[in-house]
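There are 2 protein chains.
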Amino acid sequence: MKIQNAEFKMQNFKTLQFPISNFQFSIFNAIFLGLLAILIFSGNATAGQPGEDYGTASLMVIVEREAGSVIIIDSSRHKFLGRVSNLGNLIHATVKFSKDARYAYVIGRDANVSKIDLVKLKLVKRVKAGDDSVGGVMTQDGKYVALSNYVPGEVRILDAETLETVKIIPAEREYPDGKKIAARVVGLVDAPGNLLIFSMMDGDGIWVVDAGKKDFPVIKKFWDIGETPYDGLITPDGRYYIAGLLNSNWVGLLDTWDMTEVKRISTIRTKDARETGEGLVPLWKIPHLKGWAIAGDYAVLPAIKREVALVYNTRDWSIIKEVPLVGTALYTVAGPDGRYVWVDLVGKNGDTIQVIDLKTLEVVKTFSPGKGATHPQFTPKGDAVYISLMDEYKVVVYNPATFEKITEFPAEKPSGIFSTERAHKFGM
Amino acid sequence: MKIQNAEFKMQNFKTLQFPISNFQFSIFNAIFLGLLAILIFSGNATAGQPGEDYGTASLMVIVEREAGSVIIIDSSRHKFLGRVSNLGNLIHATVKFSKDARYAYVIGRDANVSKIDLVKLKLVKRVKAGDDSVGGVMTQDGKYVALSNYVPGEVRILDAETLETVKIIPAEREYPDGKKIAARVVGLVDAPGNLLIFSMMDGDGIWVVDAGKKDFPVIKKFWDIGETPYDGLITPDGRYYIAGLLNSNWVGLLDTWDMTEVKRISTIRTKDARETGEGLVPLWKIPHLKGWAIAGDYAVLPAIKREVALVYNTRDWSIIKEVPLVGTALYTVAGPDGRYVWVDLVGKNGDTIQVIDLKTLEVVKTFSPGKGATHPQFTPKGDAVYISLMDEYKVVVYNPATFEKITEFPAEKPSGIFSTERAHKFGM
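The listed protein sequences derive, respectively, from chains A and B.
Just add 5 to wherever you are in the first sequence, counting from 1, and you've got the working numbering.
Just add 5 to wherever you are in the second sequence, counting from 1, and you've got the working numbering.
Honestly, the hints are just simulated from the structure, not real lab data.
Some hints could be false.
Because identical chains cannot be distinguished in the list, a pair is counted as satisfied if it fits within a single copy or across any two copies.
[Said to hold, decoys possible] Below are the DSBU-like pairs computed for lysine-lysine, each with C-alpha atoms no more than 30 Å apart in a straight line: (1) K84 x K130; (2) K225 x K364; (3) K290 x K219; (4) K370 x K219; (5) K310 x K295; (6) K148 x K125; (7) K84 x K120; (8) K127 x K218; (9) K364 x K226; (10) K370 x K148; (11) K120 x K130; (12) K125 x K84; (13) K185 x K172; (14) K410 x K376; (15) K364 x K268; (16) K218 x K84; (17) K84 x K127; (18) K148 x K399; (19) K364 x K219; (20) K295 x K364; (21) K326 x K268; (22) K364 x K218; (23) K225 x K295; (24) K218 x K410; (25) K172 x K133; (26) K185 x K219; (27) K172 x K84; (28) K84 x K410.
All values derive from a computational prediction rather than experimental measurement.
Start from the sequences and build out the full structure, keeping to the hints where you can.
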């Protein structure tokens, strides 16, 4: 949209040049040319401006995974603003934001980091910061983008302004027999005190980094917290870090106020279904953990290979209930109202969304917004929810109170949806 | 800054008009005038642009109460952006934001509502919406600004786009003997389900309005919830509404998931200090309640006429501790880290800030940033805190982790500081 606007002005300029040649150079011509120059300059200065200005506090940045582009929508008015392309491989991409939501950082699976200007709607800079990345996070102070890389196994810290690498923290474990392994980094979050916390998928560890100190020292290392961490979250109050585990019947819980131990919080309420194999289903895709899984007194987490959502009491981390689902959960997303949790299923019934009411702890709605439905993302106050329909090439917007569709936008195989409000949430 | 820019361009226009008069009207002149028109138009379109663009997600809007103006600072870079003046009487003014943080709504005590464009840094519109207003709130859907008016006692609902009054809800109580009173409205918040909840300072009531329905019906009325409500808050998860009471030894608690009763939550831990008069001090100023008084499992509320902060367990609303202060609390502001609560004192030691650590429930810091220190406001992720020094004519910015001053800005008797992040918080 913006580029087109600039081109239109340039065309005007070209057609206007012709009559000028019929006149002698005069003071009038000089003024005329000067005016033209000012006009062109002001055209350039506003080339990135759309037809109107907008605030950046409630934008949605939506990944078009196969096109390697993102579209930007103003969720306060459900208005399409523009598209930024040429961002590389965006399979499993994630998006982070500067504190003012001026810039988005799109992190691709191939560790390409693209800094996008959300006001001018253009790519500012792109760097390759590793070979295989699974995501990243902004530090609390907003100065750095930290990447959780699989290959090489490391946390790589980039200057948020320039995207230059300022620090690489190799994630490795040395065993007593001298064996040393490089670990894939998962569940990287920022935490109060300008800390970074992450888990090691291969080393079964949780490390804590002080991002406020020169050289980013690793200040804590916890080992053998459980088998094969796959993702992590920090609670919205910044207090608890939770690591999900692919091969253990618990999650690891670190109280950052104490920073002394990683507790084992069971993921099995009654009996050990995993050991007996009872009720186990295929692991269609590794689920995601995010701070949005926490709602008031409850944490609602996806279970691994089981068709239930686990509802915890966040005071003592006991399981209150296993809520039966019609498939396995990929995301569990609590609305800003803290009451309804939207569960995005994957694999069997993968087009289905189920909604849990935390008042009754029951599923109150099961529906399919369309083919390839995934990544529900609420507007900041929860009056609407955006959902990608990957196989219908569009993004749909629902009223979560009535389940009526508000509007939809065409999109090229859309996947992740990222609200700029995440700029202000730990671990997001 | 921006207005000056526009005037500069207009002056250019005027001086350029003179030579035109020396020429006959020609196609060249027509083009020339056309270009001028485009230039002026594009000048107007960008008149509001500062030297550089910025995101609006982490701005601070700071009230200069006696000058009747606000200044706008980008807290992500601690950069002064500009000032908007001529906003009327801003004694006890409050500021609300559109969902995208494009617009700020400054509500003065005289019920003047000024809509300010935070991108162009200019006043868009101003209306008078009552005689005496104590604040307001945006509805969850962002469509309306609702005012809590003292005189006339009412909730007045304005269209957020046009500022036209779309509904007036008189706050009145009729007693069995036929006596009817108009009540001052306080503690107005928005709540999930597109509701508005408010308290009646004179009628001792709490009302609930459905702002999603035509005509904004009052759907619940609770009476005799306690004596003289003075302010209210809604918890960040949108579940509990709390009304503070000037003349009762409890606060009123409404669970919005049930909407059936207003429970009485004691404000006295051990014995009834109010009835005995023991430890009572003057009521320097009516304290403020806001959602930021909630941090994780704790609610930290100012006590009335007592030099303590009340720490509640938000699970059962029992008082865990009365934390002794060196004065009475005006505001209790939990940082986004959910651990440290900054208490703004008023009256005795009014220049003092005390910081409570929720891990130990002790005051860990007592300091004065300067004369007339008030209104601490954290940046969205809590890496800095802004404080007005009303009697030193400046705003200071502290690092809350080290208590070092980061920077300061001159300001004309600054009072309230409002982060645009509030656009996304219920009741803020």
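Structure-based check of all given hints:
In this assembly of identical chains, K84 and K130 lie within 30 Å of each other by CA distance both inside one copy and across copies; the values are 26 Å within and 23 Å between. Taking CA atoms no more than 30 Å apart as the test, K225 paired with K364 passes between copies only; the shortest distance there is 20 Å, against 38 Å inside one copy. For the identical chains of this complex, K290 and K219 are neighbours neither inside a copy (38 Å) nor across copies (45 Å), given an alpha-carbon limit of 30 Å. Taking CA atoms no more than 30 Å apart as the test, K370 paired with K219 passes between copies only; the shortest distance there is 26 Å, against 50 Å inside one copy.
Taking the shortest alpha-carbon separations for K310 and K295, only the intra-copy value of 18 Å comes in at or below 30 Å, while the best inter-copy value is 42 Å. Taking CA atoms no more than 30 Å apart as the test, K148 paired with K125 passes in both settings, with 21 Å inside one copy and 27 Å between copies. Taking the shortest alpha-carbon separations for K84 and K120, both the intra-copy value of 22 Å and the inter-copy value of 22 Å come in at or below 30 Å. For a Cα distance limit of 30 Å, the shortest separation of K127 from K218 qualifies neither inside one copy, at 33 Å, nor across copies, at 40 Å.
For the homomeric pair K364 and K226, the shortest alpha-carbon distance between copies (23 Å) is at most 30 Å, but the shortest distance inside one copy (38 Å) is not. Within a single copy, K370 and K148 get their C-alpha atoms only as close as 42 Å, which misses the 30 Å cut-off; across copies the closest is 27 Å, which meets it. In this assembly of identical chains, the alpha carbons of K120 and K130 lie at most 30 Å apart only when taken from the same copy (5 Å versus 36 Å across copies). For the homomeric pair K125 and K84, the shortest alpha-carbon distances inside one copy (16 Å) and between copies (20 Å) are both at most 30 Å.
Taking identical chains as interchangeable, the C-alpha atoms of K185 and K172 lie at most 30 Å apart only when both belong to the same chain, with a minimum of 21 Å there against 70 Å between chains. Proximity of K410 to K376 under the C-alpha cut-off of 30 Å is restricted to the intra-copy arrangement: shortest distance 15 Å within a copy versus 54 Å between copies. Proximity of K364 to K268 under the C-alpha cut-off of 30 Å is found in both arrangements, the shortest distances being 28 Å within a copy and 18 Å between copies. Taking the closest pair of Cα atoms, K218 and K84 come within 30 Å of each other only across two copies (24 Å); inside a single copy the shortest separation is 42 Å, beyond that limit.
In this homomeric assembly, K84 and K127 come within 30 Å of each other (Cα to Cα) both inside a single copy, at 18 Å, and across copies, at 23 Å. In this assembly of identical chains, K148 and K399 lie within 30 Å of each other by CA distance solely across copies; the values are 26 Å between and 34 Å within a copy. Proximity of K364 and K219 under a CA criterion of 30 Å is satisfied inter-copy only: 27 Å between copies versus 47 Å inside one chain copy. Taking identical chains as interchangeable, the C-alpha atoms of K295 and K364 lie at most 30 Å apart whether they share a chain (21 Å) or sit on different chains (24 Å).
Taking the shortest Cα distances, K326 and K268 sit within 30 Å of each other both inside one copy (20 Å) and across copies (28 Å). Proximity of K364 to K218 under the C-alpha cut-off of 30 Å is restricted to the inter-copy arrangement: shortest distance 24 Å between copies versus 44 Å within a copy. Proximity of K225 and K295 under a CA criterion of 30 Å is satisfied intra-copy only: 22 Å inside one chain copy versus 36 Å between copies. Taking identical chains as interchangeable, the C-alpha atoms of K218 and K410 lie at most 30 Å apart only when they sit on different chains, with a minimum of 18 Å there against 48 Å within one chain.
Taking the shortest Cα distances, K172 and K133 sit within 30 Å of each other inside one copy (14 Å), while across copies they are farther apart (55 Å). Proximity of K185 and K219 under a CA criterion of 30 Å is satisfied intra-copy only: 26 Å inside one chain copy versus 67 Å between copies. For a Cα distance limit of 30 Å, the shortest separation of K172 from K84 across copies, 28 Å, qualifies, whereas the shortest one inside one copy, 39 Å, does not. In this assembly of identical chains, the alpha carbons of K84 and K410 lie at most 30 Å apart only when taken from the same copy (15 Å versus 41 Å across copies).
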